[in-house]
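Q: Fit chains H and C to the supplied structure of chain E, relying on the hints for placement.
Protein chains in written order, with the working numbering: chain E, 158 to 648; chain H, 8 to 281; chain C, 1362 to 1495.
Derived by calculation from the structure, the hints in this document are not laboratory data.
Among the hints, erroneous ones may be present.
As the list claims (entries may be wrong) - Keeping only pairs whose Cα atoms sit at most 16 angstroms apart, straight-line, the calculated EDC-like set for lysine to aspartate or glutamate is: (1) H:Lys195 to H:Asp100; (2) C:Lys1372 to H:Asp131; (3) C:Lys1392 to H:Asp138; (4) H:Lys9 to C:Glu1485.
Stated by the list, open to error - Using C-beta positions, here's what the derived DEER-type ranges look like: (5) H:Trp239 to E:Gly630: 56 to 64 angstroms; (6) E:Gly567 to C:Asp1445: 32 to 40 angstroms; (7) H:Thr198 to E:Lys184: 12 to 20 angstroms; (8) H:Tyr25 to E:Trp441: 18 to 26 angstroms; (9) E:Lys207 to H:Leu13: 34 to 42 angstroms.
Virtual Cβ for every residue (Gly too), placed ideally from N, Cα, C.
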Amino acid sequence: MNHMPAIIVLAPLLGAFFSGLAAWIQKPLSYYIALVSTAVSSVAAVGVLKQVLTAGTWQYRMAGWAPPIGIELRVDLLNAMVLVLISAIAFMNLVASVRSVDQEIPDRSPSFYVMYQLFVVGLLGVTATGDLFNLYVLIEITSLTSYTMIALGDIDRAHLAALNYIFIGVIGASFYLLGVGYLYITTGSLNMADVAVILKGIHGSTAVLTAFVLCILGVWIKMALFPLHVWLPNAYSFAPVGFARVVAPLMTKVMVYVMIRLMVTVFGLDYVFNTLHLAEIVVWMGVIAILAGAFMALFQTDLKKMLAYIIVCEIGYMVGGAWLGNTLGMTGAILHILNDALMTFALFLALGNIIYLRKQAAFPNLQGLFAAMPWTMAGLVLAGLSIIGVPPTCGFFSKWYLVLGAFEAGAYHFAAALIISSLVCAVLFFKVFEICFFEPVTDTHDHHGTVPITEAPVSMLVPLGLVSVAIVGAGVYAGTIVNTLILPFLH
Amino acid sequence: MKALGLVIVCLTGGLLLYGTMDLPDWGDPASPASTHLSDYYIEYIMEQTQVPNLVTAVLADYRGYDTMFETAVVFCAGLACFLLLRDFRPRKDRYYRHIPTGVMLHVKNPETRIIPGNEFEHMDREWVPSDMIIKTVCRILIPFIQIYAMYVVAHGDFSPGGGFQGGVIFGSSLILMAISYNLKTLVKRVTEKFLSISAAVGVLIYVGLGVLAMVMGGHFLDYGMLAPLVPWDPGHIRALGMLGVEIGVGIAVMAVMVIIYVNIVSEGRHDEGL
Amino acid sequence: MSELLALIVAKYNFWLYIILMMIGLYAMIAKNNLMKKLVGMNIFQTAIILFYVSIGYKHGATLPIIQGDPGGHGAHDAVIHAADYINPVPHVLMLTAIVVSVATFGVAMALCVRVYRRYQTLEEDELRIRLSEK
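Next comes chain E alone, as it looks inside the complex:
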């Protein structure tokens, strides 16, 4: 029997506990165990993706019980893609973070790695599962680990940021749980596919409407859609770098995945767009999120905070795109999950390298970076261009699909917001590049005015290089990805 879908989730879970035990034998062991477990999980994810491409949806019955009775893992093209993305990013970030973890949390690094693996387990589990309640439990694992990890960051403010995140996060999770409760009362089932079949007969019920609104609201809170985003900028910018680099690209994207899964698989696009008349409002919310995120990013004077607001803006793209109500928009949203995870990861990798050497990422600290860290800055420039949407980077193609979808749906305000935010991002990044490139270093010890090259260690540069290649690769092969993964999923 082939256990690959289970192994994706179980490898980091087992790895977490063995890391915890190994810490009592020798501290560095826990890091190597984490490395192995995430590598195994990535390999298994790639294997599953291959299998799903040829053989279609893969169902794995936990404890051997058939789906509505037991819990199943259900991997189709969408999950398989997201699973590969999560496990690969988790692995690469571990390679990149070992030095910054040693720098930031020297005394409890083993516990950090245990928590890190549990966080990855949560994300992978959320993506792989085919059960509504199981999804809740795994969302809570990701949240609980991220509350803790965020609190390990900035000594003055991280605790308060984490506490605020707990309060808002609990409200979000509870809304989702309540939504599942309403669904359970009306359908009597918790399996996504089973619920979807039963729901087809009761589209008019007020309870189903309430369930839908609650589930989606809960997920929106967790993904930080604009008016519900208040926790995100503080939480992500005060977190330790080794964790910020994985939570920023993955957490929000996984929640977008959950939203799309709920819309497509559980409630069905027919219900979402034809029975309910919310799509227009939500696209407007997306527009506001895009503009608000972009403009708030303009006022930041710290690279970390600026990137956090860019995430808020990107979420607007995906939510708006998914709610446009046509295939092009949904394709753009799903493609943007992939692309945005890669871009954000590259940006945060570069940011981590800067913080590793300069301790802070406020704009004055960035002076002279092009000379000092040429490779890191090359990665930052590439990721920045991708966020702006310059071809042939991947950011261009998802925006292209989103704009096409907006025109097809007649949502010109959404297309306008996309273009305005691209311009704002261009302003933002060129401002940063200008500081890094042109502004003279104010307090250099070198009297000749040249900055010596002090590049980040190789272990931090290699992942950045790989992700940069992936950004261009995802751009060049965007058509292939859409035709083999996304369109077959949507039909």
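A: Using the frame of chain E, we list chains H and C on its own:
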């Protein structure tokens, strides 16, 4: 903030109440929730697992995958308290009591060391004289509470109970020891190393049983596949599998309860507290 | 009016729990003290647990523990009627939710201890002033 809170509460409450209109009446035996899956569970669990307590059977077998992550959540909470609060620096000033006279000493110089023994006794800063009645009663009670906890774990298949409940009871017996004596007594008997290892081992027992089933050729957590390992009682193999994971859960929950308590009351110093 | 009343009487469990939930939610949003917010959070989560448990109830049914020979040998000879036992699933789900809420509460408490140790207060407005002083 108050106005905002009121608006949000009214909107959410209104939505929730609006949703109840189409819900079935309370206790309606014909509602979907009480018929769709529930009937299957009630009618077939006995046959399939030999466990009369349906809640335990669904918890540890049909939805065992959920419960495994639930145990991981518990582990996570313990680890979080350790990560956030643990402080390895010793306190600068310490308190001692001269036992024959009952005089309290406040030692401010960290260099001065008094070895607690027959003459001196280590004290908490906010010291409450320990009462002989409380100490004696708790001393007698604690072993009984612990046996009861084990009974709750082991008898979870037949009566209300199970790993979480039993683990909490066992953990609270240890917390009772800390309250009736003092935190030092507990920390000396149940060391941090023991607690953190047993928290990880508890979850590993659960995951390990699941992986064992995988190795034996079944799905993850499929206890039925463990039958060749227990040749004397293959009929009850699912019940035994559940007992196994419940024991793992109990160990993990017990350890985590104590970890959370000790870290919170002593602000992570593990020396004194409630 | 009487229809509304009938509606409420038939589903009064949901109404009660929803009111409880809203009390908790209000405290989480509007209270100034972090400890009170935590209490609100607990009320909110507990009300959801009650809400779920009440789903499981069926008129004329008893605890979901199959009665008969406790050894389990004789019990499957007798026919088990689904109508005799309440639905076990919500109970299982809520065991999980209880554990999750306890875990979240523990982490939040630990954070409160840290915040108090750092700033000597748990009032949000005072914390904001302290933070802006830096």
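Q: Take the hints in turn and mark each one as holding or not.
A: The hints, checked one at a time:
For the suggested pair H:Lys195 and H:Asp100, the alpha carbons sit about 20 angstroms apart, so the restraint of at most 16 angstroms is broken. Proposed proximity of C:Lys1372 and H:Asp131 is contradicted: the alpha carbons are some 54 angstroms apart, above 16 angstroms. Among the hinted pairs, C:Lys1392 with H:Asp138 is inconsistent with the structure: their alpha-carbon atoms are about 40 angstroms apart, more than 16 angstroms. Between H:Lys9 and C:Glu1485 the alpha-carbon distance is near 14 angstroms, which keeps this suggested pair within the 16 angstroms criterion.
Between H:Trp239 and E:Gly630 the Cβ separation comes to about 58 angstroms, which falls inside the hinted range of 56 to 64 angstroms. Checked against the given bound of 32 to 40 angstroms, the beta carbons of E:Gly567 and C:Asp1445, roughly 58 angstroms apart, lie outside it. A hinted range of 12 to 20 angstroms for the beta carbons of H:Thr198 and E:Lys184 is consistent with their spacing of about 19 angstroms. Remark: the range hint 18 to 26 angstroms for H:Tyr25 to E:Trp441 is upheld by a beta-carbon distance near 23 angstroms.
In this structure the hint that E:Lys207 and H:Leu13 lie 34 to 42 angstroms apart at CB is violated, the actual value being about 54 angstroms.
Consistency with the previously given hints fails for numbers 1, 2, 3, 6, 9, ordered from lowest to highest.
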